[in-house]
Structures are given as C-alpha cells and as structure tokens.
Amino acid sequence: MTAHFSPRLVLPPWRAMRITVIAELTQPSRYVPQLTMLVTQLALTWWLWRALYAKVTESAGLNVSQATSYALLGVLFLQFKSVDRSSNGDAMDQLMLDGTIAYWFTRPLPARRWYLIRMCGDLGYGGAWALLGYVVCRAIGAIAGPPTWAAGGAALATLALGLVITYYLQAIVDLMCFWSTINDSAVMAVQLASSLLSGAFAPLWFFPGWFQRADGFLPFESTLNTPLSLYVGRLPVSALGTQLAIQAAWCAALAVFTWWLWRRACARVTILGG
Amino acid sequence: MSTGTIMAEGLTKVFRIPARRPGFGGALKDLVKPVLVPKVAVDDINLRVEVGELLALLGPNGAGKSTTIKMLCGILTPTSGRVEVNGIVPHADRTANARQIGAVFGQRSQLWRDLTARQSLEVLRDMYGLRDSDYRERMKEINRILELEEFWDQRSRQLSLGQRVRCDLAAALLHDPPVVFLDEPTIGMDVVVKEQVREFLRDQVNRRGRTVLLTTHDMTEVARLAERVALIDHGQLVYDGATAGLRDLAGVTWEAHVTVETVPVAIDVPGLALTGSDGTRLTFAPLPAAQGAGAVLTPRHAIRRLIEYLPVTDIQVEEPDLEDVVRQAFRTGR
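Respectively, the protein sequence lines represent chains A and B. Position 59 of the first sequence, counted from 1, bears residue number 58 in numbering that gives the first Met the number 0, the numbering being contiguous throughout. Position 296 of the second sequence, counted from 1, bears residue number 295 in numbering that gives the first Met the number 0, the numbering being contiguous throughout.
Next comes chain A alone, as it looks inside the complex (with noise of 0.2 angstroms):
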C-alpha cells in the first residue's frame, strides 16, 4: 500500500500559494474594500504632500516629484503585508487557539517550509496589487520614474532583499504564538513600528537626526527607507554597495534567529484543547 510519488515532488507544493489568490479574488467583500481604501490612501497622500511642498521646492533633500513618489512608494509597499489571514480563520493565532496547527505537522511538509509558501502567497498576492498601483500611478504621472535605469535596477534588487527582511520579522511575529498562542499586541507593535521606522509612514529623510541614527541600528529601514531612497534618487547608486551588504547582514542575522525559533517551536508545539 505504497503511494506513487511524482519524481517532481520539489514545485507541486508550491502551488499551494494559490491558497491566498482563491480565497482574496472569489470574494469581492475582501478585494473591493482593499481596492478602495487603495485609491483613497494614494489620492490623499498625493494631496498631502502635494501640499507640504506648495510653499518650498525641496525639503530634507527632497524635492516635490521625488517626495510625494517616495510617499506614495510607501504606500504601495503596505499592500504587499496587505492580506489580512484572520477574515479566513488562517492566521498563526487562530491556528493555535482552534489547535488546527496539528495538521502542520501531520504533513510531509516541514512547518517552516509550509510557512514560508504560504507567506509567499501572500506577499506574491500583496505584490501584484502594489504593482497595479505602481502602473497607474506611473501612467497617470503621480509617481516619477526612477531618474535612471541602474538606480531602477537597485531599487529593485533592495526591495527584493527587503522583502526578505520583512518575511524574517512577520515570521518572528507569528512564531510568538507558539509560547504566547495570541500575538495580536506583538502583531499591533511591529506593525507600527514597521511602518513607522521603515519610512511607510513618512520618509525617513524628514525625521532628526538622531532617529535616523538610531533607525540605522534597526532592520525596518532596510525594508523600505533603501529601495526607495535608491527609487527617487536620494541615495546614489553608489551606495547601492554598502545598502547591499547591511540588508545581506539582516537578512542573515534574522534567518539564523528564525531557524532557531522554528525548531524550538517544534519541539515544543502544544495543542490547545486536546
């Protein structure tokens, strides 16, 4: 009674990251709400900055177009942690408390790697919309293009490594659960925190001195402060280099503290309720 397995036994898994697609696009209760809380975010900080710039040509070293395209930039990026897990009954702390994160481990997958296509599903389905934004918005000329192509080019290659980064600390978020089971204060936390020293928020080029300082010793502005100071040409290409090698040392740091955390969440995973 042996099961016959497909030599390819490495993508199929991977499909399952169409999880997320199925369960956003067949409700419309989930992606119009995103689709217009989108548009109005986009439309009101162009506005706003839009505004703030109405009296000075440049501030922080940063002019008008490069400004509101950072801004909106950052807007855009939170569409990629877009997809909410709870309205579905998938996200870490619902699993823990229904004690459905049994099958986790019922399943020729190991947990971190199931973890890991889901998060992908997510940040692929997060992307696609933040890509969409991204092809209006530079149609309809709220967001300037990169002023050349290498600093397009590392623009990109950062927000590929900050996306890395970003799935390290959602991971770590979720992990909580398995000596916490809720974590919807942490989530709360480094959401806000997130968005506000990754830049999300405002670009980091507007705060003082001492908390870009201080943010420097923190992975949030790798996610996002880089990319798009390399996207609106606030930091040169040149430093593309040194950008590289802090989020590579992130990334790193935090892929060894979360395989950590992964095998003692193994080890130690409890189901609720018997």
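The hints are simulated quantities; they were obtained by calculation from the structure and are not laboratory data. The C-beta atom is built at its ideal place from N, Cα and C for all residues, glycine as well. Hints are all accurate, no fakes.
Now the stretches of chain B that chain A is said to cover, found in silico as 3 or more residues with beta-carbon under 8 angstroms:
{"hint": "1", "stretch": "65-74"}
{"hint": "2", "stretch": "105-111"}
{"hint": "3", "stretch": "121-131"}
Far from chain A by the CB rule (all over 12 angstroms, computed), these chain B residues:
{"hint": "4", "residue": "Arg20"}
{"hint": "5", "residue": "Val192"}
{"hint": "6", "residue": "Lys193"}
{"hint": "7", "residue": "Arg223"}
{"hint": "8", "residue": "Ser276"}
{"hint": "9", "residue": "Asp313"}
Since the structure of chain A is already known, use the hints to place chain B on it.
This is chain B only, laid out in the frame that chain A set:
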C-alpha cells in the same frame, strides 16, 4: 518493524503549566518569574497495534487519549519513552512519518475555509506530490462510500459538520497511508453519517488492510468496529485487550429476568445468584467461577438450569451494553 505497526513503550508526556498567582502583584511575578507546575498527561503507556488492526482508545475527557494520539502522530514530542510508527520515530522524522500516516482530529478541520473541498484536496495532492492518475483513483474510491461529489464544490465554510468530516477523512487517506489516526471522527454527527463513516472505516481496515487507531466516546462505534480496546484513565493504560474481555474487568455480566408461576420458599439454582425479586419476577446473575460450580455459566446454560429448577413461565436474558461496561471498568480500574 513492519509497515503499518504502531508501537509505544513507556510513553510519557508531562506538560509544564504556568500556575497563575492571584492579583496584580501575582500577575507581575508571573511575568518575571513564572511558576511552572508539571502535569502528567500520559503516564508510562505501553501499546502495540499490529498491521490491519483497529484499536479503539477509550477514556473520559482529559484522560490522555488525544495526547497519546498526538505523540503517535509525531505532533507532540514525548517527555520519555519510545514510540515507533511504521518503524519511524514520528517526532524525530515528521516528514517521513507524514507520508505513512493519515490523521483526522474530529473537531478540527484541515480544509481551508475559503476554498472548496475539492480545491483543498488538490492542495493536499500537491503537498504529497501525488500523480493526477493516483489522485483521481483515490478520490473515486473514497467517493464511492463517502459520497463527496454532492458537495465538494462548496466552500468548506459552507459545509455541514458531517460533510466536513467526510472531506477530512478523504484528506487523511488521499496519499494511501498504511496507518490512520482518528481522534473522535464522528463527534456531533447524525446517525446516518456516523454509519456511513463506520462503513468507510470497516472497508479501510478489512479490505485495504489499514491499521487504525481510533478515539471515541461513542460506544456503538466501538461495539461495531473494534475487536480490541485500550482504556486510558488519568494518563494510564488500565485495560488493553479484547472488547469482549472488558466485561471481565468491569465485573459486569448478563442478567436473567425470570417470571415464575409461584415463588418457591427456597430459591437455589447452582451457579446463579438471585440479585432481585419483584413478586413473581426474579432476577439472576451468574456466580463467579470461584463461588459457583465449575466455570461461570453462559446465558444458554443458565436458561436450561433455571427451567430445570424453577416453575418458569418466561425468561429474558439481558446483556449489559458496552457503555455500562466501560463505565464500570473505569470505576474498577481506579
């Protein structure tokens, strides 16, 4: 150890549960220096289930059944003891173990709420790396008894409990595992669906030769499916043997209700004890072997003897139901 065998030796699980201290000060102390109290959920359990056998694991709520099954599935790591399923240590090699087992936790679904049942099963197909032809064949076989096609294009969140559990059973057996763990699979179901699930399980054990470990509170299910039961109470195994043998442990036996023309002055039937009388209606139970003549009487022999010794007009033999037996067995075990 051959494929399809479950073995546990000295299996023990101790949880360390934080003891909450009262008041705000207590809460602060708990935060800084939590006090962890050991709670023994499973205590030194030895168990072996052979290939193609169905074992029912019984016990009251909180007895340790689910913890045992989760250790056998590889979800929980035992505190001590040895466990092997299909020759694999489940918690040490969860991935290899997962290919050899199927699991259903009755109150928990592994389907994704916003996906249709079919889409959920396809995700699992991909996860197990099954060929399309194998998948279709398996689904056809499962569908034959569980009749999934009526509702497999509905979203899981819209399924009834019975429909949902049938899909979960399909999910657990999709990859054709030799060993299946079922933790209260029929909880909350109506009798029709329960019977359908029982038929499915019978088929899986008798025809497919799967090894099944089942926990349930439904004694009808045990009576119809399991020839062997294991009783767990307070984390300890208090009985492991034939379902029929439970009666010996419990000391619960059959009773004969006899109606007589006239009640004799002295009622003395060898091998039987008078346990009740209500006018001309008398109740007898077999004497234990030590007190009676020779072996314990069977109901058939008792009827003969009652007719021989008493002016009988009517006899009814009442066998105790399994629920009474298990209840009494727990009392005896404690």
